[in-house]
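K.L.:
Sequence:
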Amino acid sequence: MMAKAALIDAIALTDRGLLATQAQKQTILAAIANLEDFNPTPRPVEASNLLNGDWRLLYTTSKALLNIDRLPFCKLGQIYQCIRVDTASVYNIAEIFGLPYLSGLVSVAAKFEPVSDRRVKVKFERSIIGLQRLIEYNSPVTFIQQIEAGRKFPAIDVAIKSDQQQGWLDITYIDNDLRIGRGNEGSVFVLSKT
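Residue numbers for the sequence shown, in the working numbering: 2 to 195.
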């Protein structure tokens, strides 16, 4: 599909949005809107076979994510959003690289609840921030298995009061390997299935 290829080309050299110029951002937003017009899945929230799985962030306008890269001695690594439809769980995982032995991880666990054909309400429940080697992090899959098993990590591992920390996400495009979402703070997310 040409619209999909145009979007992938537009975001290719932006390092998930970190390097995007104002002109590139406008081009990307236009390419996103164009692809959303061709969404092959009219009811994304009900397409659990497509939604379920591990997604890697390709592009975002989220300042909360992009600002991680601006911390001293930190470089933003891969960012994942892992969705487990059977437990209505979502895990956001950002890998952070820095000085030797100081590679870190910022993760948030949340529950989601469908509120329409394309919108989910998200309630954040737990935040984990720590060093990858102390957490024994080696992949999103094993990390999530440890969270689901109830492991308490040697990190800043805190419960989040979900009545204060919640939002929503519209899934505006989804196919077998690409998903576009728009969040309540105006951020756009483009992710590929891993």
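Please keep in mind that the hints were generated in silico from the structure rather than gathered at the bench.
All of these numbers come straight from a predicted model, not from anything done at the bench.
Hints are not guaranteed to be accurate.
Claimed, not checked - Capping the alpha-carbon separation at 27 Å, the derived lysine-lysine pairs in DSSO-like fashion look like this:
no. : residue 1 : residue 2
1   : K122      : K112
2   : K122      : K64
3   : K64       : K76
4   : K26       : K76
5   : K124      : K153
6   : K5        : K124
7   : K76       : K122
8   : K153      : K5
9   : K26       : K5
10  : K162      : K124
11  : K26       : K112
K.L.:
Each hint needs a verdict: does it hold in this structure or not?
P.N.:
We went through each hint and held it up to the structure:
Restraint check: the Cα-Cα separation between K122 and K112 comes to about 8 Å, which is no more than 27 Å; the hinted pair holds. For the hint pairing K122 with K64, the CA-to-CA distance comes to about 20 Å; that is within 27 Å, so the pair holds. Simply put, K64 and K76 have alpha-carbon atoms about 15 Å apart, close enough for the 27 Å limit, and the pair holds. Taking the CA atoms of K26 and K76, the gap is about 21 Å. The hint holds against a cut of 27 Å.
For the hint linking K124 to K153, the alpha-carbon distance of about 20 Å falls within 27 Å, and the restraint holds. With a CA separation close to 31 Å, the supplied pair K5 and K124 exceeds the 27 Å bound. With a C-alpha separation of about 30 Å, the suggested pairing of K76 with K122 is violated against the 27 Å cut-off. This hinted pair does not check out: K153 and K5 have alpha carbons roughly 41 Å apart, beyond 27 Å.
Pair hint K26 plus K5 holds up; C-alpha atoms about 16 Å apart against a cutoff of 27 Å. Restraint check: the Cα-Cα separation between K162 and K124 comes to about 9 Å, which is no more than 27 Å; the hinted pair holds. For the suggested pair K26 and K112, the alpha carbons sit about 30 Å apart, so the restraint of at most 27 Å is broken.
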